[in-house]
Every structure is written in structure tokens, then in C-alpha cells.
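Protein chains in written order, with this note's numbering: chain A, 1104 to 1476; chain B, 3 to 311.
Accuracy of the hints is not assured; some may be wrong.
What the hints assert, rightly or not - Cross-link-like lysine to aspartate or glutamate pairs, in silico, EDC-like; alpha carbons within 20 Å at most: (1) B:Lys-205 <-> A:Asp-1238; (2) B:Lys-51 <-> B:Glu-70; (3) A:Lys-1180 <-> B:Glu-209; (4) A:Lys-1209 <-> B:Glu-70; (5) B:Lys-205 <-> A:Glu-1265; (6) B:Lys-231 <-> A:Glu-1257; (7) B:Lys-205 <-> A:Glu-1160; (8) A:Lys-1213 <-> A:Glu-1281; (9) A:Lys-1380 <-> A:Glu-1428.
Unchecked claim - Now the stretches of chain A that chain B is said to cover, found in silico as 3 or more residues with beta-carbon under 8 Å: (10) 1106 to 1113; (11) 1204 to 1217.
The hints are simulated quantities; they were obtained by calculation from the structure and are not laboratory data. We treat Cβ as the ideally placed atom computed from N, Cα and C, and that holds for glycine.
The chain contents come next:
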Amino acid sequence: MKSGVGVELENLWIKFGDFTAVRNATVRIEEGEFFSFLGPSGCGKTTILRTVSGFQEPSQGVVRIGGRNMAGIGPNKRPTALIFQNLALFPLMQVWENIAFALEVKGVPKAERRKRADELLELIALPGQGDKLVDELSGGQKQRVAVARALAAEPQVLLLDEPLSALDLKLRQHMRTELRAIQQRVGLTFIYITHDQGEALTMSDHIAVMREGVIEQVGDGKQIYDDPASAFVASFVGENNDFAGTVQAVDNGQAVVATAVGELQARIATAARGALKPGDSAMVFIRPENFTIVEAAKGNGDGNRIAATIANEEFEGQSYHVFLEGEGGAAIKMSLTNRGQARTASAVGQQVTLAYSPDQAVALPAGAMADEE
Amino acid sequence: MGIAATVRKFIATNGLGMALFMVLGVSFWVLVLVVLPQITMVDFSFRPKLPPAAIGGPQDVYTTANYEYFVKGNPGNPEGWNRVDVTVFWRTLVAAVFVTVFNFVLCYPVAYYMAKVATGSWARLLALSLVVPYWINEILRAFAFRIIFGDAGLINTVLKTLGVIDVSIDFIRADVALYAGLGYAYILLMIFPLYSAIESLDKNQIEAARDMGSPWWRIHWRIVMPFAKQGIVSGCTMVFMLSAGALAAPQILGGPSSLWFTQIIYQGFFEYFNWNRGAAYAIILLVSCMAIVLGVTKLVGGKAGEIGR
């Protein structure tokens, strides 16, 4: 098996008539890494994947795979293999024929093709299933056959277009682990497209978050989650409470922002360092899990406290979510881990004070937000 | 479920009026339009030709004479076999196979283009331009071909003007006009089954094959054609059956020395007034064509039921 190679996108623009699907994307994907493009539908991530695989020519810019410019090279000549969202397995062929299709194309003799297909069936933990028809397999098995079929082509880069979206939750979580394990075993570069931030965070070495054709941030999962580069990233990845306001003071990497629920103190995101000045419009993001409920209502205003009224509660098993209403009707959500004992003595209508650590709150310049799903 | 219960359920699902109409309509179609004429034809074909007065008389007995005539010809025939009729029969079948293959080769790329490449109003315009010529009567279309392929027709004129030929080519005698006319007559019956079969193929499958390095011909051979098999089988069946059974096109476009088997059947009925022999010949053609279609379908692994689709 060949080892992975790096992929570079340089000032990539992709336009369809008047519509610009990708704007000036520049990304460097290292060899052998699991790289995800994360964004809502229509953000241009699939277009990028089709451009890397060669089904789409860029309007401007360069795609390099293993350092080689791919301009004018068709999808059948690139060292990439694409796994389609609907898998696109060939329903009229047996499982092993599906897997060995790339070898058939290369003119490998039948006995050898069969042997290789059986080896790959071992790799994806489906030994002895080669003679079945594709439709006799379960969803997760089809998934793995699609991976094996792509691997049989001996690509250096594997491209995956939301391949897990059709599976149910349990299987999807299982397949995440599985895919990651396969990737580490074969050592190929994986480029993964998803709108599911959970998938991106669990599997990826690096993630590019996209919005409306623009890459807003590239980083590892922790950076993206803890240190978002834009209001969109903060609101799209994971759950977040947002408070819009005006910067009052900036000091030592922290900002004080006057919001409807009072003055809030927050760490300025790395990407926004130097960009926030007093008087600027800004947003403070505080994740639901970073709130704690402290003693009775003490009011707003000392920087890391918010007064709120409990409006509702939702129990989700491992955690429960408390929905609160702050000053001016601001909706606030907090999450508490369920530890099995009696819950805190909270009740709907109760007035409480939420506290957070300013280090765990992020201040960013105001900007577009992710749509509510 | 008992018969009474089945009937009750059928009436309950469809309503009494609709249920009655369906039963009557289907019975009329099957019995009066399909079964009875065929039985009459079979019955005719096994009786001797008799003057009207003798029909039903002592001479009117079942006989295989009409079928024997197809093989052997007249009792005094020195050759021992019916050279003309058997040759024409054989040639008709071969020609029908040729027209079918020619039609498939011509229509497959067009159907693929319409189903997978052309989009929106362009695709609709293409479909319309295929259909429009068929608003003209079949016989008129055959005459149009005769004019196009005639001595002083469009093709000969163009070839002469370009200096490719000096003397007109006799397309009629060479049966070129006949094949072209037959091919054109049934293009729609080939294109539409192919189109609807290819249209439902997931485009990702084509791209997946391409992504794995497949050249275009292998994509068609391994992915598109197997998927469209039903459409191919049904298109080829219709074109083959109708070409073998065509009468107007061979009558108008056929060369002076080339007979189509349907013309011999026609002669049997309307020139010799030997309906019994005509019926026997018609049944020979029908059964042979069905055998060929079923045989070929079996060979490519399709089911007989797919023919009608």
C-alpha cells in the first residue's frame, strides 16, 4: 500500500456562473493526516472535495497533490479515491467485484483480484462476505465495503463526502472510531467532508471550518472548540451562548463587554488579538458547560456573573440542560453533568446567578452567526 | 383467501363501478382482441383452402399441409424444398436482427446523452425533435425516404455535386433505403426504453467508476449497460418484432428483387386468397420471432417479464 501525500490548495476560487462556491481557499493538508472540512450545507465543502478529486476544475488557483499541480488531470488519473455520500456501490456486482473494480480497470487477472479483495475484506472486518450482493449487506457493512473499494485503487489520498450521514446514531459513532482506525492503519491522507461537528472533532487531526465559500478557521479540534476565530465558528461548532455588546475595556488579553445582561469579562480569541478596541461591537461566547450556579441572586455586573431565571429543564441522560432567561429576555443555556445523585435544588421560575471563569469565555468581533438548526 | 372474499375485497378497494368496468374491459381485451383472433388464425392455418361452399363439409379437416408447403413447396417441386419462401423468411429474420443491432448502436449514445448529459430545456427540445417526425404517417415517411434515396434524390444529388460519384447509386436496389427506413421507423421504440432505464442510474456510480480510473467504454460496459439491461432488452425486442413484421416500409422501400416475409404473407391473403396458407405463414413468423426473443433474453440473463417494460 502506498503512503499518503500532502494536498495543497492555493488561492482556490470556484465559480458556477454568478455564484461563487469557494472564495480564495488556501489550505495545506499534511501527508497522512485526517483532515476535515466542516460547515453547513451549501458552504462549498463538497465543491472543494470535487475539485481535489478532479470532477470540478477550479476557476482560479491551484490544487497540488504530493507537490504536483493537478491542472488538466482528470479524476481517473489522480492518486485520489472518492467515497460518495450515497456510497455509489455497484448494485449489480458482487461485493468482491465492487472492491476489485479498480484492479479490473488496471487489467489485473481475476484470481489476483479476488485475492486482493479478500485481503481488503479482512482489513474491514468482513471476511467471507465477498460473494454477497451489495444489497444483502447492512448499512455499516456497505460503508466499509465503500472504504475497501476506494482503498483497492491504492490512492494516496482518500476523499470522503459525508459518508456516515445515512447511518443511525449508534452506528455512526461506531463507524467514526472504525474510520479513524482504518486511517491510522493504512497511513493515507484522509480528507473528510461533514456538517456534523461531532464527527469532525472526534476523527480529525485538523479541521477547516467553512462558511459561504470561505474558510474561517483551520486548526485542531481543541483550537476550534476553545479558541474560535470568528463568531460563526463559535456558534457553529458545539453549543454556545452568545451575548452581543460593545467593548468597554481591553486589558491583558481580556475584554470587558457591555451587554444586555451586564458587563461581561472574557478572554479575547487568539485570532482577534489586537482587533478589539473599546467602542467596537463584540460578542461574548460562553459554552453551556462552563456555567455554574452560585448562591442566590446577586445581580449582574461584576464581570463574570449573570442573573437569570430558570425557564425550563431537559434531561438527556449523561447531562441535563437548564434553559434560563437573562435580563432583556436573553436566552441562556447551561449543561450540568448528571452524576446520579439528587439534582441541585433548581426549579422553574427560580432566580439564580450564573458564574463563569473569564478564561472560558471568548470575546470576538461581531460577525455572522450560524443559523439555528 | 376464498374466491368470494377476493371478489369482495376487489370491489371494496375499487368501487363497484370501477371494478365492473375493469373486469369487462380486461376480459374484452384479452378474449376478443387477443385470444380469439389468435385461435382463429391457428384454426385457419391447419385447414385446407376450400371454396366457400365446401367449408364445414367433409373435406374441411385438420391438416398440416400449409406448414408443409412452407418447407417443401408444391408436391411436384423438383428442388424438394420451398426455396423462395424459406430464403425470404431467413433473410427477413437476419435483416430484422441487423436493423435491431444497427438501431441499438445508433440510439444508445443518443439515449445516454439525453438521460445523463443534456439538461433542462435542451433535453426537452431534443425529445420533442425526436417525436415530431412521428406525427407524420408511416407510409408518408417511407415515401420521403424513397425520395431522399432515389436516383435524383437528395443524397445522390449531394454526392454528385461534391464530385464523389458520377453515376447515381441505386440505394433502393441495394436495400440501403429499406434498412434506413426500417431503422428510422422504430427509433423511438429503442430510444425511450433506453432513456428511461439510463435516466434512473445514479450519476455517482458513473463518477465512482471514473474515479477508480475506468475508461469510458468500461463504464458503459460494466456499469451503464448492465443497469439499463431491461431497457435494452425491451427496446431491442420491440424493434426486432416490428421490423420483422413490417409491411409498409418493405413494400415502398424494398428493391425489386427483395421480398420481405410479410409481403409473402400479404400475398397469401390478398393475392392468392389463400387465407389458410397466409395464416400458417403468419404463425410461423410469430412463433419464430418469439423464440428468438425469448432465447436471446435468456442468454443475457433477463427475465421474460422484462420484455414488456
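Hints and how they fare:
1. A C-alpha spacing of about 18 Å is found between Lys-205 (chain B) and Asp-1238 (chain A), which places the hinted pair at or below 20 Å, so the restraint holds.
2. Simply put, Lys-51 (chain B) and Glu-70 (chain B) have alpha-carbon atoms about 14 Å apart, close enough for the 20 Å limit, and the pair holds.
3. For the given pair, Lys-1180 (chain A) sits about 13 Å from Glu-209 (chain B) by alpha-carbon distance, which is consistent with the 20 Å threshold.
4. Distance restraint check for Lys-1209 (chain A) and Glu-70 (chain B): the Cα-Cα separation of roughly 57 Å exceeds the 20 Å cut-off, and the hinted pair is therefore not satisfied.
5. Proposed proximity of Lys-205 (chain B) and Glu-1265 (chain A) is supported: the alpha carbons are some 17 Å apart, at most 20 Å.
6. Of the supplied pair hints, the one linking Lys-231 (chain B) and Glu-1257 (chain A) is violated, its CA atoms being roughly 31 Å apart against a limit of 20 Å.
7. For the suggested pair Lys-205 (chain B) and Glu-1160 (chain A), the alpha carbons sit about 18 Å apart, so the restraint of at most 20 Å is met.
8. The straight-line distance between the Cα atoms of Lys-1213 (chain A) and Glu-1281 (chain A) is roughly 29 Å, outside the 20 Å bound, and the hint therefore fails.
9. A threshold of 20 Å between alpha carbons decides the hint, and for Lys-1380 (chain A) with Glu-1428 (chain A) the separation of about 29 Å lies outside it, so the pair is violated.
10. Residues of the stretch 1106 to 1113 of chain A with a Cβ under 8 Å from some Cβ of chain B number 0, which does not satisfy the need for three, so the listed coverage is violated.
11. Three residues within the 8 Å Cβ limit are the bar, and the stretch 1204 to 1217 of chain A against chain B gives 5, so the coverage statement holds.
Checked against the numbered hints given earlier, the structure breaks hints 4, 6, 8, 9 and 10 and satisfies all the rest.
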